[in-house]
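Engineer: Below are the chains, spelled out letter by letter.
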Amino acid sequence: MTLTRRTFVSSALLTSAFVGGSTKMSLAADFPSRDITMIVPWAAGGGTDALGRTLTKNAKQYIGVNVPVVNRPGGTGVAGMQAVAQAKPDGYTVGLVTFHLSSYRLTGVSTLSYQDFEPIMLLNRSPTGFLVKADSPFKELKDLVEYAKQNPGVVTVATSGAGAVPHLSAALLAKQLGLKFTFVPFDGGAPARTAVLGGHVTLLAVNSEEALQFYKTKQLRFLALNSKERHSSFPDVPTVAEAGYPLDVLLLDWRGLAAPKGTPPEVLATLRTGFKKMAEDPEYKRLMDEMALPRADAEGDQFRVFLEQIEQALEPALAETGLLKKS
Amino acid sequence: MFDIHLLLSGFSAITSIEVFPFLVLGSLLGIVVGAIPGLTATMAIALLIPFTFSMNPISGIVMLLAIYAGGIYAGGIASILIRTPGTPAAAATLLDGYPMAQKGEAGRAIGIATISSGIGGLFSACALTLFAPLLATLALRFSAPEYFALAVFGLTVTMSLAGNSPLRGFTSVLIGLAVGLIGIDPIGGFPRLTFGLPELSGGFNFVAVMIGLFSLSEAFRQIEQMGTLPPVPPAVRNVLPRLGEILGMWKVYLRSCIYGLIVGVAPGVGAETSSFLSYAETKRTSKDPSRFGKGAPEGVAAAQAAENGSTGGDLLPMLTLGVPGDAATAVLMGALTIHNLQPGPLLFQERPDLVHQIFAGMISANITFVIIGLLGARLFAKVVQIDRRVLVPLVCLLSLVGAYAIDNNPFDVWVTLGFGVIGWLMQRNGFPVSPLVLAVILGGMMESNLRRSLVMGLGSPTVFLDRPIALVILALAGLTLVGVLRRLRKPESGLAVAG
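Chains as they are written, first to last, in our numbering: chain A, 1 to 327; chain B, 1001 to 1499.
Calculated from the structure, these hints are not laboratory results. Quantities reported herein were computed from a predicted structural model and do not represent experimental measurements. Incorrect hints may appear among the rest.
[To be verified] Below, a list of computed lysine to aspartate or glutamate pairs in the EDC-like style, where the Cα atoms sit at most 16 angstroms apart: (1) K277(A) x E290(A); (2) K325(A) x D1185(B); (3) K216(A) x E1350(B); (4) K261(A) x D116(A); (5) K285(A) x D248(A); (6) K60(A) x D281(A); (7) K218(A) x E1350(B); (8) K276(A) x D297(A); (9) K277(A) x E299(A).
Please take these sequences and the hints and turn them into a complete structure.
Structural biologist: The following block contains the structure:
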């Protein structure tokens, strides 16, 4: 048969239609066929960025393609998380989402919430540590609580920022015990820590990992850890309950991975398997351990449940600090 | 802590064949990236971190340090040539660097900038090496009241940038303070002046504001006057400043180095503050302040020396306390962490060898960029000879792409455009823009630290009286203000020199 122009064109059209159809059908099977971008909504060089970059360092080995990190800081994380939520839900954009996502709606910063995402997996949960300078007269949590009871408002508390988990945790502690703290918010955990080290502020409330080195050099002393169980990096530090004050509500800082809403389930499954393998990478685990970041492994729906619980716990804490937006 | 043997072995590690090429490569990369507006040393370090994964830690870290030092220096090159600060810290350099280039002295300006950056950088690297533990205790003495005092001092000094019209300078400061209010309140956590826009919850991106005010506004002016502006005279061949000229500025250097070091050591305040402070102080104490803004070499020298004079200081709180001194050192800290070297007091105890290699690396990086910079100065200077009809659109393009590149955020492009128009209108009417820029930097710092101080003092302003460092700085600010007010009482003489 001679190939006429017409038959050539129509067969080409047919073929392309067929190929097009099969691409659509086997989208999940082919996934991923190119690099997956991971958006980090915080600046390069921070803890979240280090976590993301170490996680994806050996990505090719586990998911077959590279996962380059793109930083989209700005607007207290809204810019980056919004970019993830609005990205094409094809699995080629994932985001490293953080605790702030739980608070945007409640504080009126943005309407963005976990419901705008498909949760992939939870990577880390960090408890708040309460610390004092090594030469402080407060040897344990009880000393501080007793003193604060007698002197309302005199104990100054350095936190990593207004509305951050350590601030809210300390506020909940104060509420339950009937204390009055004076909160001094700083721009991140490191400056807050420096203020306590320099003797300018009495109590430090930060994510426990921020205190690791100064705990080791004995320049700062843990009074307690706001957590259900002890932390392997700080084995001798009691939990708040062990220190004598069982708390009703426990707030934890968190970091996790999420994809835009509407990402196909097969693609999500591939992402989950791939990222789970990356999170098992010995190099990543070692970094997390050395940074004293407790690893967490809630996947998919478990992660969603965790996020629901956090929002429920957050509302009274924000109300207590006056940050809850009345709607 | 300082150990000469460890330092010498640090130098021998750096001059080894495994490390040395990366020092030179880093320096080159830093200069290229620093000189391109919108691409900062911070971004270059962040982008290159993954490439250092497979390298041995010291090669990787030395390369990143060289990018840092070279990038901070090279920001001044674009400032001089096209009035676009290559990095935020270099904004003070353009005040006199750009007029020098327009007079046909681009090569000379770059030469002075290079040597000055080298002097400042070497001074701070040596201070870091010799006195790290001592300076770390100084950093700990700084807290909210001291930062507040520093910001107040900075703002009063800014007034001397106002040209002949202090009133216009004052207006410019107020606009800057207002711009700095936008975003989430740093103490209370409430959104302020954001009009419900999440893009504004972090405030305007400072770099986007600055690129608009300085570089786009100048491009607009040139477009407006296209065809009527005289061509730039050909560059003078000499790029190497005479030794006498450098030695003659020893006072400028001494002051800039000390400003750079102190501002650097204070955690969270970096080169963009020190360069302006040092420039303004040099101008204020000069015998003939009217030369500034019209191409005074001392202006370039003061800005550049303080800028690189901050680099060693910025590294210090990062290495010893784990608190980054500025954005670039924050990224460096991330790089060290990924290489399993957590900055902080333990690093000095557990890896003194590595700490000394970092010291040696920083000293070497400062020497390397001076050599490369002087070799390249004549080439760079050719940029000003490009026809304005080609150069101006290029500057516009670079400004907008640069604004986008900061955070990959299209909103920042609009911010740059908006501030480009504002800057153009301001300068057309004799309002200087640099007080605005400095007020944006210092306003937030002043506000949050005043409120923090008052909270720390349980609401009582006596918190400042108990603190000698804060008191001394506030007293200096008071003296400066008296000087400014005296000038205010004199009748205004003509339009201010925009800058």
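Engineer: So which hints don't hold here, by number, going up?
Structural biologist: 1 and 5
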